[in-house]
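Each protein sequence line maps, in turn, to chains A and B.
First residue of the first sequence? That's 1 in our numbering, and the numbers climb one at a time after it.
First residue of the second sequence? That's 1001 in our numbering, and the numbers climb one at a time after it.
Please keep in mind that the hints were generated in silico from the structure rather than gathered at the bench.
Glycine included, each C-beta is placed from N, C-alpha and C at the ideal position.
There may be inaccurate statements among the hints.
With beta-carbon atoms standing in for the labels, derived distance ranges [unchecked claim]:
(1) 1061/B / 649/A: 39 to 47 Å
(2) 1030/B / 631/A: 26 to 34 Å
(3) 631/A / 1076/B: 55 to 63 Å
(4) 662/A / 1076/B: 23 to 31 Å
(5) 671/A / 1090/B: 39 to 47 Å
(6) 1090/B / 661/A: 28 to 36 Å
(7) 665/A / 1007/B: 19 to 27 Å
(8) 631/A / 1090/B: 18 to 26 Å
Simulated coverage check for chain B against chain A, where a stretch passes if three residues somewhere in it have a Cβ under 8 Å from a Cβ of chain A [stated by the list, open to error]:
(9) 1023-1033
(10) 1097-1108
Here's a subset of chain A near chain B, in silico, CB distances under 7 Å, partners left out [stated by the list, open to error]:
(11) 648
(12) 650
(13) 653
(14) 657
(15) 658
(16) 661
Each chain, written out:
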Amino acid sequence: MNLYEPVFPSLILALPLVGAVVNGMGAFLWKDNKIIPSVVGPGVLVAAFALTALNTVLFWRMGAHDPSVTGLWTWIESGDLRVAIDLQLDQLSLLMCMVITGVGSLIHVYSVGYMKSDPGFSRYFAYLNLFVFFMLILVLGASFPVMFVGWEGVGLCSYLLIGFWYENREYASAGKKAFIVNRIGDAGFLVAMFLLFGAFGTLDFIPIMEAAPGSLAYGGLLVTGITLLLFAGCTGKSAQIPLFTWLPDAMAGPTPVSALIHAATMVTAGVYLVARSSVLFALSPVAQTTVAVVGAATALFAGTIAIKQYDIKKILAYSTISQLGYMFVAVGVGAFTAGVFHLMTHAFFKALLFLGAGAVIHGVAHAWNHGDEGNQGAADTPWAGDPNDVRNHGGLRKFMPLTWVFMWVATLAIAGVFPFAGFFSKDEIVWYAGVMGNPAVWAVSLSAAILTAVYMTRMMMLCFHGNNRTFGGGSGGGLHEAPPVMWVPLAVLAVLSLVGGWVNIPSSLPLPDIHILGDWLHPVFAQAEAVAEAHGAHHEYVSPVGGGEALWAGISTLLAIAAVIAGFLWLRGSRSRAAELAQPAGGVSGFLHGKWYIDELYDRVVVGPLQAIWRVCWTIVDDGIIDRAVNGAGQAVRVLGWVGGQLQTGRVTAYLLVFMLGAALVLGILT
Amino acid sequence: MNEAGGLAALGLHGQIAVFTSAVLFVIGAIGVLMRRNVIMVFMCIELMLTAGNVALVAFSRAHGIEGHIMVFFVMAVAAAEAAVGLAIIVAIFRHYGVVDLDRFRLLRW
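Build the full structure now, drawing on both the sequences and the hints.
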């Protein structure tokens, strides 16, 4: 019996939409007014967050257990197909909404400072509000099609915001790349929906998840196909191997966009999808293994690339891909709670990292525009004038002490150092990867965790420590801390990055036993766990090489601390730092700097042949056959017309002759 | 009325009249096609109409009064046509100074 009744659930959606409409109008009507977007943009988000928080508290305090579905209207009704716009509020969607509106509010507030001098201020907030609206549809939708609407909507907003500075051709192309690469995965999502409808006759989550264990064979071809196709959608949206290439390019957008869309919320939609379909994935061990293996491979792979990048946002982008890989490892081995847990903590510390990077970029660009010295970074280098490049940073600790502190908090959190948030969530994933997955996934996850500590420390050292290189080795005059509107959200996120992990502390650790998140999410995943248990999944709680959770948690945090300290000491020396700053010439570091040349590989293997096919279609089919046929038809009509025209002599007698011959002919035929 | 009899039902005089009508019509038609002077073409058209009248009268010997009635209609129309046609020809002559049909080719593309 659910005592809980949702309080204005549709208003949670409506608020960001209203913001998008108002700001969208503002982009045309009061273009130069910065006050209305600054109030409306973050305002609707804060209101939506308050409403979500109210619903969450009510849901919790009233001891609600089952999801609560609010029907709005019927969208499609055709034969057996009935798709209704229903909102599903349960533990998972409420948690996601809390993250989206909470972190989203902070990022909106930050954006007021970051985008202050941008001419597209109102347009920016219109897109950002619209994004939040679609993201909330994605997590609140009670059926696959409604979720898909949100899924595509956030893709659209991602495209719009990546190409926000569309005057730059490269940025506009990055937006297109993100959109097109996502389409590949979305095709899988669509086909999976067709299969689901064929199997169940409905697309609503609750009936499907209830019927699935009974009507789909465990490990059967159908459920494996459905889940693998769904996962294909996830690889696009959540930037996993093989469709991850769009995310690093997506950094062309404004930095708060990267924080909100490409770190905290949209890219985690794939993890949410797998968690939402947990019963289906639990029914297919093949799909689960695929998810876990792809996740682990992505985590390691992206981590290696991040080690040799110089663009601060690219480092964070590859780090995001790597952390998303972790989440997929968790949901792949069946530890759904751990995956969602990491999703939440990652939203805190990765948003913080991106916003901190934004503060750095903002500060450097600002100093260049207003500084006393004219030269922008080391002259005559490929990276001169690029505020994103860590080779133009260095020693920023002196100028931006607050940002420096917050960034270190986030770095320690993502590296998994006790007692920061990442320690609890990441450790749980690595632990379950060993217990419920297989030794290879566990080993890869553990080594990727060390890589995380390494590349994050490298980024921090190059950016904030050593000598300042912003003015080519000069004084660094003009660099200063970000304004409060920017650093206050950073401070909030820093607190969350510290305490965010304390909601779910494993009982095996010698710490207070807190299971708020696990208990909260348990009803959502109970069914999937029941399916796994019914099919003989039993776990011995020791790692693949022995030892309990407490031991391995200790080992991994010590490894992370060791990696951080090693990186710190290594890059403190000026000679090794100079070596690290030099452009990698070749060998392994060049290979990693070149991102394993995956983009080049795709260019050769996918884009090249496609372009060859298009060229054939263009020159032979289109120009050769279609155009020739159309032009030929026109030519034939012209010739025919010319011949007919020759009959028209204009001489009356000629017409009369024809007329008489015709009359004679008709009479001859009639008689 | 004997439809099946054809020309035989007309008798000798009737047949002569029909033959005359055919000759007149062909002469008129050839004149229309060959002559270039508008006046001559016009007169040839009148000739063709007259040929038609002769045929109508000849056939009405065997088929009743309707042919005679038609002839009066044709004559009335021919009179009207002559009035209009001659007026047009006069107007053309005043405008161009010639009445040569080959000079008027405005109907061409």
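Now for the hints, and whether the structure bears them out:
| no. | hint | verdict |
| --- | --- | --- |
| 1 | 1061/B / 649/A: 39 to 47 Å | 43 Å, holds |
| 2 | 1030/B / 631/A: 26 to 34 Å | 47 Å, violated |
| 3 | 631/A / 1076/B: 55 to 63 Å | 58 Å, holds |
| 4 | 662/A / 1076/B: 23 to 31 Å | 27 Å, holds |
| 5 | 671/A / 1090/B: 39 to 47 Å | 40 Å, holds |
| 6 | 1090/B / 661/A: 28 to 36 Å | 31 Å, holds |
| 7 | 665/A / 1007/B: 19 to 27 Å | 22 Å, holds |
| 8 | 631/A / 1090/B: 18 to 26 Å | 52 Å, violated |
| 9 | 1023-1033 | holds (count 3) |
| 10 | 1097-1108 | holds (count 7) |
| 11 | 648 | 5 Å, holds |
| 12 | 650 | 3 Å, holds |
| 13 | 653 | 5 Å, holds |
| 14 | 657 | 6 Å, holds |
| 15 | 658 | 11 Å, violated |
| 16 | 661 | 10 Å, violated |
Checked against the numbered hints given earlier, this structure breaks hints 2, 8, 15 and 16; the rest are met.
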